[in-house]
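Peer 1: Line by line, the protein sequences are chains A and B.
Per our numbering, the very first residue in the first sequence carries number 1; after that it's consecutive.
Per our numbering, the very first residue in the second sequence carries number 1; after that it's consecutive.
Treat the hints loosely; a few may be bogus.
What the hints assert, rightly or not - Partner residues aside, some chain A positions facing chain B, computed with beta carbon under 10 Å: (1) N6; (2) R14; (3) S63; (4) T72; (5) G115; (6) G117; (7) V196; (8) V247; (9) P253; (10) R256.
Think of the hints as simulated: they come from the structure by calculation, not from any bench.
Where is the CB? At the ideal position from N, CA and C, for every residue including glycine.
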Amino acid sequence: MGKLRNVSSNPHVRSSVTTQNIMVWVLIALLPATGYGIYNFGVYTIFLIGVSIASCVASEIISAMVLRKPITIGDFTAVVTGLLLALNLPPAAPLWVPVLGGVFAIVMVKQLFGGVGQNFMNPALGARCFLMISFPAIMTNFNCDTYSGATPLFNLKNSIQVDIMDMIIGRTSGTIGETSMICIVIGALILFAVGVIDYVIPFSYIVSFVVFIGLFGEYKFNWGYISAHLAGGGLMLGAFFMATDYVTCPITPKGRYIYGIILGILTGMFRIFGANAEGVSYAIIIGNLLVPLIEKVTIPKAFGIRKKAKKEAMKA
Amino acid sequence: MARGTFKGGIHPYEGKELTKDKPIKSVLPKGDLVYPLSQHIGAPAKAIVAVGDHVLTGQKIAEANGFVSAPIYSTVSGTVVAIEPRRLATGAMCESIIVENDEQYEEVRFRPRKRYDEMTAEDKIEAVREAGVVGMGGAGFPTAVKFSPKEPDKIDYVIANCSECEPYLTSDYRRMIEEPELLLEGLKIAVSIFPNARGILAIEDNKPDAIKIFKDLTKDEENISVKAVKTKYPEGAERMLIYAVTGREINSSMLPADAGCIVDNVDTLCAVCRAVKEGRPLMERIVTITGDAVNNPRNYKVRIGTSYAQLLDDAGGFRKEPAKIISGGPMMGFAIFDLDVPTTKTASALTCLTKDAVSQFEPSACINCARCVEVCPERLIPKNLADAVEHNDEKKFLHLYGMECCECGCCSYICPARRQLTQLIKGMRKIQLANRKK
Chain A
1 MGKLRNVSSN PHVRSSVTTQ NIMVWVLIAL LPATGYGIYN FGVYTIFLIG VSIASCVASE
61 IISAMVLRKP ITIGDFTAVV TGLLLALNLP PAAPLWVPVL GGVFAIVMVK QLFGGVGQNF
121 MNPALGARCF LMISFPAIMT NFNCDTYSGA TPLFNLKNSI QVDIMDMIIG RTSGTIGETS
181 MICIVIGALI LFAVGVIDYV IPFSYIVSFV VFIGLFGEYK FNWGYISAHL AGGGLMLGAF
241 FMATDYVTCP ITPKGRYIYG IILGILTGMF RIFGANAEGV SYAIIIGNLL VPLIEKVTIP
301 KAFGIRKKAK KEAMKA
Chain B
1 MARGTFKGGI HPYEGKELTK DKPIKSVLPK GDLVYPLSQH IGAPAKAIVA VGDHVLTGQK
61 IAEANGFVSA PIYSTVSGTV VAIEPRRLAT GAMCESIIVE NDEQYEEVRF RPRKRYDEMT
121 AEDKIEAVRE AGVVGMGGAG FPTAVKFSPK EPDKIDYVIA NCSECEPYLT SDYRRMIEEP
181 ELLLEGLKIA VSIFPNARGI LAIEDNKPDA IKIFKDLTKD EENISVKAVK TKYPEGAERM
241 LIYAVTGREI NSSMLPADAG CIVDNVDTLC AVCRAVKEGR PLMERIVTIT GDAVNNPRNY
301 KVRIGTSYAQ LLDDAGGFRK EPAKIISGGP MMGFAIFDLD VPTTKTASAL TCLTKDAVSQ
361 FEPSACINCA RCVEVCPERL IPKNLADAVE HNDEKKFLHL YGMECCECGC CSYICPARRQ
421 LTQLIKGMRK IQLANRKK
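Turn these sequences into a full structure, and let the hints steer you where they fit.
Peer 2: Shown next as structure tokens:
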């Protein structure tokens, strides 16, 4: 008997996709929106983005050390969280805001619940909502060097004329990464092309949102009004980059449709009937909390199992 | 209806170009031949020779021990030198008959039971049973049992599984190119056993030349047709293939016959033809010796019982140090730690890879990406099944249809966190199956 070789259970080959390169694709896909945000709101936003990412990565390292768990920054999930958090901040927020947000996102939402893959809600959105509730004045102040005044969604809610073209390109006030519909859609197309996300969640989200706005909105199925709602606020960023967050969306095929529809309805409800102009963050977070339930009721029938056969298979 | 494909599945690197254009080479075995008594599903065969006996090529050396079992024949002439446990490709030890080859290849005179046109369906099934033919695609289910469903008149299709979806393997492909008449003849015999059946050759569309050959050969046949199926792993898995060809679905507790189908692999049908027409027992098969670690990868016509080591020698040995040696293909095969393993009725290939993709990565935390759900051909949720196994939650495992898993390996292949999903699910299935038997 010569040298003994490795043995293992089948299969013996693996695809080239890893957690790490999925996260790198997400970062690449966020570049257009990030770049436009910096161009639109000025150099200061670079600091906000940098501090946010640094805060998330540092929180991950320190919390992993304290909790005596392996340090997993190599998978870039903390970087993605940091960038998403920054894109959800107003452009003139003081620098301690991303620091606090990053700590909350990583320590509270992610690490304390078990680290990568175990968080019950999207860390970046969890942090944003935390900041919104704690510091509403800072988080809703969208005045900065380039813009002053209300966001298009606020104007929309208060029946003030908005410019759709500006909203699609992104020449409006808002959070750093949410204003440019075009840039976000370019990023989303990248993710579709490399197979990182699939169309089910974003499209069922957007379609159900459109239907809801059409039925209950102020102007019903007025396409100008509806497109303003689509281009405004965090809907695009939320639909393509937050709702599709792997960890906090259902993995069952039917569950994904249901999840998207719930998000659409909730977002519509918050925007039309709520006190605030925006509702994407809260909608997604509530959707996240419903995921275990959705998954439970949408377990697909296995291949070749019919209703009658189901009982037998369970018995056997 | 039949769309020629199924939902899910993966497209791994095929690696078929290594061997696909090289003709089959016959090799005569050297040294001792090893015949494990368990080369099929069902009861192990019972040895009917003793140490010291002289045997001829084609002499029965072990008989079927029960209905679901199969006899085994010597593939060389020589002397029985030992009956002792030997290691199989699966890693298990199995009682085996060892025959010292005298290199004379003195053959028993084979005679069909009756003239072919006088044979009834029962005669044909009996000839297949006596020849020890089993499913040679890997499962090793005795073919005679497969040919004896409760209601033979309810069989609508006999499907020749020519898809060969396993990466690297080209043994079925070479057989189709080089001996298409033999395969077709075997399929016709199988079809003739069932009064209402028609034959379908299901070939993956990455083998256009094979599709063309069989389209030409069958153009005047009323009862036989060719169906091109989509190239995708695991297209050749029995349940997937039946769905792709007929649109009918069966689950793990059903047999293909429940959907009116009989599915047989290429080599199996060739063996059926030999058994019925010539009365020849199953003694040879095509084995692909391949992988980037092998000097001259190619296909061999092998006498069953020849050791893998000899085949590898003939293929020029190793070009580079292999990291992993697999009996079978990389998706479904068994990794072996040593080459001293005999070829059996179900040994389709020896794949020698210079890279071991499994040991390259440590499994990390699941990120819930749902890729395993997308690729699972059985529409399961491998991630939740694996979690249930890790928590030892048998009830949840069964509730999530864990027993429906076909162990194709798609979920492990695609997992970006490199979790051992298939292995976990497979382990729990084994436990459940063992508990059932109690």
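Peer 1: Hint by hint, say whether it matches the structure.
Peer 2: We went through each hint and held it up to the structure:
1. N6: holds (5 Å)
2. R14: holds (4 Å)
3. S63: violated (15 Å)
4. T72: holds (7 Å)
5. G115: holds (6 Å)
6. G117: holds (4 Å)
7. V196: Holds, because the Cβ-Cβ distance from V196/A to chain B comes to roughly 9 Å (cut-off 10 Å).
8. V247: holds (5 Å)
9. P253: holds (7 Å)
10. R256: Status holds, d = 8 Å.
Hint check: a violation occurs at hint 3 only; the rest are consistent with the structure.
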